[in-house]
Amino acid sequence: FYLVDYSAAYKTMTVDEALLGPVMAHGNGDWVKLSDLRADLSVRNFFQSMLKSAVWNNREFEDFFDGHFDKWEFDKKRASVRPRSAAQQLEEKLKRVAKREEVAKVVLSSGEEL
Numbered sequence: 002f003y004l005v006d007y008s009a010a011y012k013t014m015t016v017d018e019a020l021l022g023p024v025m026a027h028g029n030g031d032w033v034k035l036s037d038l039r040a041d042l043s044v045r046n047f048f049q050s051m052l053k054s055a056v057w058n059n060r061e062f063e064d065f066f067d068g069h070f071d072k073w074e075f076d077k078k079r080a081s082v083r084p085r086s087a088a089q090q091l092e093e094k095l096k097r098v099a100k101r102e103e104v105a106k107v108v109l110s111s112g113e114e115l
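Those letters in the sequence shown? Residues 2 to 115, by our numbering.
All clues stand as given, with none of them false.
Just the calculated beta-carbon pair ranges, DEER-fashion:
{"no.": "1", "residue 1": "K106", "residue 2": "S86", "range": "15 to 25 Å"}
{"no.": "2", "residue 1": "V108", "residue 2": "E18", "range": "17 to 27 Å"}
{"no.": "3", "residue 1": "R97", "residue 2": "D64", "range": "11 to 21 Å"}
{"no.": "4", "residue 1": "E102", "residue 2": "F65", "range": "29 to 39 Å"}
{"no.": "5", "residue 1": "K53", "residue 2": "E102", "range": "42 to 52 Å"}
{"no.": "6", "residue 1": "F65", "residue 2": "N29", "range": "16 to 26 Å"}
Derived SDA-like pairs: lysine to any residue, alpha-carbon spacing no greater than 20 Å straight-line:
{"no.": "7", "residue 1": "K34", "residue 2": "A80"}
{"no.": "8", "residue 1": "K53", "residue 2": "S43"}
{"no.": "9", "residue 1": "K94", "residue 2": "V104"}
{"no.": "10", "residue 1": "K77", "residue 2": "L21"}
{"no.": "11", "residue 1": "K72", "residue 2": "V16"}
{"no.": "12", "residue 1": "K72", "residue 2": "A87"}
{"no.": "13", "residue 1": "K94", "residue 2": "R83"}
{"no.": "14", "residue 1": "K94", "residue 2": "P84"}
{"no.": "15", "residue 1": "K77", "residue 2": "A40"}
{"no.": "16", "residue 1": "K72", "residue 2": "D31"}
{"no.": "17", "residue 1": "K78", "residue 2": "E61"}
What the hints contain is simulated information worked out from the structure, not anything from laboratory work. Glycine residues also receive a C-beta, built at the ideal position from the N, C-alpha and C atoms.
Start from the sequences, fold in the hints, and give me the full structure.
So, in structure tokens, the structure goes:
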């Protein structure tokens, strides 16, 4: 039996983690419009509680997803986002490997989800 204070969960949550749940809930791994993401209650709560700010506008989300291209696929024209699968994330990492020796390291560190 555990007592859990779920309000404390936001304190250790990253933006990626805060967005992944709502994106999966709205799109089940497929494209989700940023307007739907901004309207999601858990996203709004995260921004208000942790970042002490309003939910980002499209440009700020675009900057975030461009900076985290290895985890997120962003469509600027449709203002939509979807998470990359584990295989797609590995593919992005392998594209950026400069030396052959690093390939094995990247593959071995990719985890069991592949």
